Each structure stands twice: as C-alpha cells, then as structure tokens.
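Trainee: Construct all of the structure, not just a fragment, from the sequences and the given hints.
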Amino acid sequence: MDEWVPLHERKEWQDVVPIPEFSPKAPIAPIKYSPEFDEIMSYFRAILQSQEVSERAFKLTTETVNASPGFYTAWHYRRFLLDKLNISIVDELNFLTELASNHPKNYQIWYYRRELMNKLQNPSSELEFVNMMLEIDEKNIHAWGYRQWVIQKFNLWEDELKFTDELIQRDPRNNSAWSERYFVISKTENLNDFEVKMREISYALNSIEEIPANESAWNYIRGLYVEELSDEIKKVMVKIIDNKGYNVYLLQCLEFIYNKQRKGDLETVVCKLLQSVDYIRKSYWKWRETSAKGKNLSRSAIDLQLIPMLIPKQPFSSVMALYYSQALS
Amino acid sequence: MGDIGHSACEQRRIQKKVEELFDIIKFDIISKKYRSYVILDQQSHISFCLHSLESLPKSVSTLNSGEPWLLFWLLHALELLNYQVSDDIKDRTIDFISQCKCKRTGAFCGGPYQIPHLAPTYAAVSALMTLDCDRALEIIDRQGIRNFILSMKRQDVKGAFTMHEHGESDMRSIYCAISVSSILGILDEEIMRDVPEHIAKCQSYEGGIGAEPYGEAHGGYTYCGLASLVLMNRTDVLDLDKLMSWLVNRQMSVEGGFNGRTNKLVDSCYSFWVGACFPLIKEVMNIPTEISLYDPLALQAYVLVACQAVMGLFDKPGSSPDFYHTAYSLGGVSHAENDNGPVQWIFKEGMVALAPNDPLFNVVRDKVTRARRYFEKIPLN
Ligand SMILES: [Zn+2]
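As given, the protein sequences belong to chains A and B, one line each in that order. The numbering used here numbers the first residue of the first sequence as 122 and each following residue consecutively. The numbering used here numbers the first residue of the second sequence as 404 and each following residue consecutively.
Treat the hints with caution; some may be incorrect.
Each computed BS3-like pair below joins lysine-lysine, with the alpha-carbon atoms no more than 27 Å apart [unchecked claim]:
#	chain 1	residue 1	chain 2	residue 2
1	A	Lys226	B	Lys719
2	A	Lys403	B	Lys435
3	B	Lys604	B	Lys561
4	A	Lys414	B	Lys645
5	B	Lys435	A	Lys416
6	A	Lys146	A	Lys132
Treat the hints as calculated values from the structure; they're not laboratory data. Computed from a predicted structure; not experimentally measured.
Mentor: Listed below in structure tokens is the structure:
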C-alpha cells in the first residue's frame, strides 16, 4: 500500500478549510481519534457543508468510509455524488465487494448494494458475491437478507432449492439455510398443496433420522405441520426413540402435535416428561401443562406405540405413574 | 457420538468453556447449587463506564457514526448499576446531544454535522430520558421528530420505515420510530398505518420475527417487533403460541444464557433482547408475573460467571468487553431479577440489586414514568 499522505499536504486540497470536530470545553465521552482519522473526517465535513460535487469529493468519501465503514452520512453523500458524477455502477459494486469482505456485518454496504442493483438491473454476479460472503460466515443475516432480496427482485429461483440442500447437507444445523428453504418453497410452490408439505416434511424427517436433536429441522416440521401428516411424523419419532432415545426437540414437537390434535391428556404426559428432561424450561412446561385442555380422547395406533416409550429414565413419582397409566388406557 | 457440521463444533467449543467456568465454582445449573459464588462487580463496571465518559481510546473511533448510542449505553449501564450521575455529566451530555440535533428536521443524528437517522434519534431520546431531568427532555423537538418519522415511512413497502434518507429498512427502524413516538406522546394513526400488518408478515415459520418478510427469526428483531406491537396495542396480529415456543427455546440448557437464533451460540446481549420479551408476552397473554417462562437464575449465572471482564461485560467467554454488551447484559440481568415475582438472585451472598428496567423502552423504569408524565403535560403545538 502507498503511504498515506495527509490531506493538508496534498496539492489538490489546498483550497479547502477543514472543519474540526465539535469539541466543547467540557466534552462527554470524547474519542481520541488518530490524526489521520480526524483529518479525513474534518475534510469530509468541509465538502459536506459546501456540498461540493467533484471527483476529489467522491474520492474523499472512499477514504471516509474506509476509515469508518458505518459512517452513514458519508455513504449518503457518496450516493448523491454517484448520480451527479455518473460514476460507473460496476466499479462501485467492486468497491463494495472489497469492503464487504472486511466488514461483512455493515448495514450500509448491503443496502447501498440494493440501490446499485436497482440502477444496474443486472444481477449476473450477485449470487456469486453472496456465496463468497457466506463462505466467510454461512449465517451472516445481512448476506441472507440481500440474497432474498436479489432473488425475489430478479427471479433467480432456479437453483436456490438445490443450494439450500447443499448447505443443509454440509451443516444440518445451519438454520439460515432452513429458513431460506422455507422462503423458496413459499414463493415458488403452493404451500397449501399437501404434496408439497409432505415432500418437505419428509425432507426434514430424513435429516432428523441422521441427527435427531436438531432444533432447525424440527422447527421446519412444525412450521409446515398439517394434521394429515401427524402419523407420518409420529412413526419417525417411534423409530428414532427406538434407535437413539428421545431428545427435547422430538418431545417438544410431539407436545405441539398433541396440542394441535387437542389430545390434552397425552399433551400432559409429554409436558410432564419435558419438565424433567428439558430442565432449563421446566417452569415453561409446567405452565404449558396447565393449558393442556384438549378433550380429544381418541388414540391412533401410533399413539399407543409412542406413549409407553415416553417413560422417564429416572424413577418417577406415583402421581406421574398414575398419569402414564391413564394415558395408556 | 458422530455428528456433522460447523455449528455443532462451535457449539461444543463454547459449551465446554462455559462448563469449565461453572466447574471452578462447582455450579450445577439444574440444582442451582454451588460451592463458591461470583459477585456482579458493580464498582468495576461503574468505573468502566465513568472512565469512558471522560475519555475513549482510538480503538472505538468507528463509533463516531452513533455517538448518542455510546452515551446511551454508558448512562443506561450506570443507571442499572444504581449509580447516580453528577449534574456535571448531565450538563455535558445535554450539551453534546443538542449538537447532534439536526437543525433542519429536529431529529437526531449520529453526531454533529451528520444527517438525521432514526436509530440515533432513539438512542438520544433514551439517553436524555435516562438523565431524569426536565432540562434534558426540553431539548427534544417533538413536532420535528414526528415529521421526520413520517418522512421515513416507505412508499414502496407499506408499514416499513427507512433509517434515514436512502437508508436501510428493517425491524429496528420500525421499533425506533414506534418507541420514540410512543414515549413522546406523538404515536397516532398516521404513524401506525400498516405497521402491525407489516410486522406480522415478518413473523417467521419458527415463531420469532425477522428483519423483513421471510427473514430468519432473530432475537433482536423479535424484540423490536413485539415491543412495537405492544406499544401499538396490536399483538393480535401475531401467533403468540408460536412466538412463545420460539422464545423459550432461546435459552441454552448448558450455558444458561440465550442465543439469538436457532442453533447459534449463546450471547449475553440477548439477555435483554430475548429476556425483555418475556414480561411483554406475559402481559399480553395474561400470565401471572410469578410464573417465569424461562430460568432467570441460570441466565444470571451465565452473565455473572461467563461474561464479566475485570471491567465491563462481554458476549461470551473469549471476547473483550464493550459498552453495548455491558448495557444489554446488565439489562437482561435486571429483568431476570425483577420480572418473576419477588426479586431473586442466583448467588445470594454476592447479590447486587440492579435497578428495575422497562421492557418496552430499555430505560430504567422510573425514568420512563418521568418522561411519560413530562410529555403528557406539554401539549403538542
Ligand atoms: Zn451480542
């Protein structure tokens, strides 16, 4: 990198009088800026005040946002200059790309990019860019927000479902990928279509069979749940408990299903079990148990198979024993 | 056990660190038994904030785009720690924030010479409320702020606001607009139009709220969405059961703290973002105060044992302290102490009673009451 030359030593800035930072006699929380930082900001204030439209002003905004990437006023002024000076949008995108890899969570960079895309109307390199950002942090919420925006805006749906699958295969606990999957399905297929729901719930159940205690996959199932698929879900639950035992997310999902089915007595059984195994949420499950008021007493064959599997591993009290025997009857 | 993926590795790493810290004092998160205790180091955290009010190192230079935030974090943390700031600090703060006021609109900016922005407007109003005196509240231009908020309402997305002209737009900007309007007594039909419906669209299939429609459910955005709806008295647009189920699952069973999204790591700032949602949802669903929907003692244990630096607090073991996490983790501890019936502390021997916090504004409760009264008696001209 070239040595940074102070602005007051640069020939082209000789005519500008920098505006120093506001510094009262009795300051509060004053920051000890470095001389370089302070000078860049002082010159920026000067061009902002004079509303200078020039190449040098544009370059100065580059220095300003490099020094302080969240400095939205400089971004705002830069946008203004971009239009006035007819700066190349592609160059500007490249500038953002470079900055984004060092400041992946900066709000301005991501939203400015949307504006540039609105002007450019050509998203051909955008998914590649987002992929690069997700390479750095696969859960970067800004990157996902932009991805959804650009996909929606330019109809880039084609490979997106496959993309979510790849990410989920690589890391089944990448909740952003599950969330993206829900977004794609909602926007490209009919979520009221039973076939779609069945396919997606099976997708999540397959993942769960491999990694049963994955909150992301269980939440996906709960998000898509329909009554007609309750037995399918319960069958997989039986299989999982048989092989690997229960886990809190499985039990939470079962409680959710019994609540939807209004099978209050069975919901109570699950709430009781959750109070002992999901100990951190013990008081929540206690409260939930009091609201388990469904009166549906019917049991499917799969319920009868499931309930005996829900006996706590630890010895349980006679009150709970009574509950289990009632639930099984 | 065979398990795959980056998330599981990271989770195991942090979990182990927290377990090791709990182990030093033989703390058991289930029984809440411990051999030795950890105190909330009130004096050190107070010094951290007071020193910062006098002078800040160049390492925080980039906070120059949000100076009212800096003041809000420091002053709020001091209030939570029951430290009364001097009149001198109050005067200097008022002077400085006055300089952050936009001369054209009356809304606040990230610093002198910057353009008006909803987030520093929220932070400036909150910092001024925290000062607890009329001369602080006097500098607020209600009519100007009202016009500014209205000018930030988006035309292309109904019910959304941009942070500033050409700025970003998400659930934070909604909360900043609604909460500021509410405390200043300017929240009306025009500001609220389409906002509840827009927030409802941002509730995800998981139950939490995202930044925009179809965004991933996130603790910070969920707080912003829920608090805004409570302020507008429109929580009817949400699926509350689903929201509750998502909220309770943010508490980590080994670490005791909250994470902000499904399968993400624990982070002390969600002690506030998620923790403050509980009193709100309890109120809305008519759940008695004494019933706690999370484990407040485990949350306190996480912050006290795993997030305290020599001075200030941080997000998770291995990090350095910062002002934001200091304020937000203390806010979360205050809620954990005060929101679930009689005040409760995890380590009674080292208890520090934090000032009760207001879950809607994230300002200490009695300061909110004062500000409300102040703006009620002054007519909007
Ligand atoms: Zn945090």
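Trainee: Each hint should be assessed against the structure and marked as holding or not.
Mentor: Hints and how they fare:
Distance restraint check for Lys226(A) and Lys719(B): the Cα-Cα separation of roughly 18 Å lies within the 27 Å cut-off, and the hinted pair is therefore satisfied. Taking the CA atoms of Lys403(A) and Lys435(B), the gap is about 13 Å. The hint holds against a cut of 27 Å. Among the hinted pairs, Lys604(B) with Lys561(B) is consistent with the structure: their alpha-carbon atoms are about 11 Å apart, no more than 27 Å. For the hint pairing Lys414(A) with Lys645(B), the CA-to-CA distance comes to about 17 Å; that is within 27 Å, so the pair holds.
Annotation: proposed proximity of Lys435(B) to Lys416(A) is violated, straight-line Cα distance about 37 Å (limit 27 Å). At most 27 Å may separate the alpha-carbon atoms for a hinted pair to count; Lys146(A) and Lys132(A) exceed this at roughly 33 Å.
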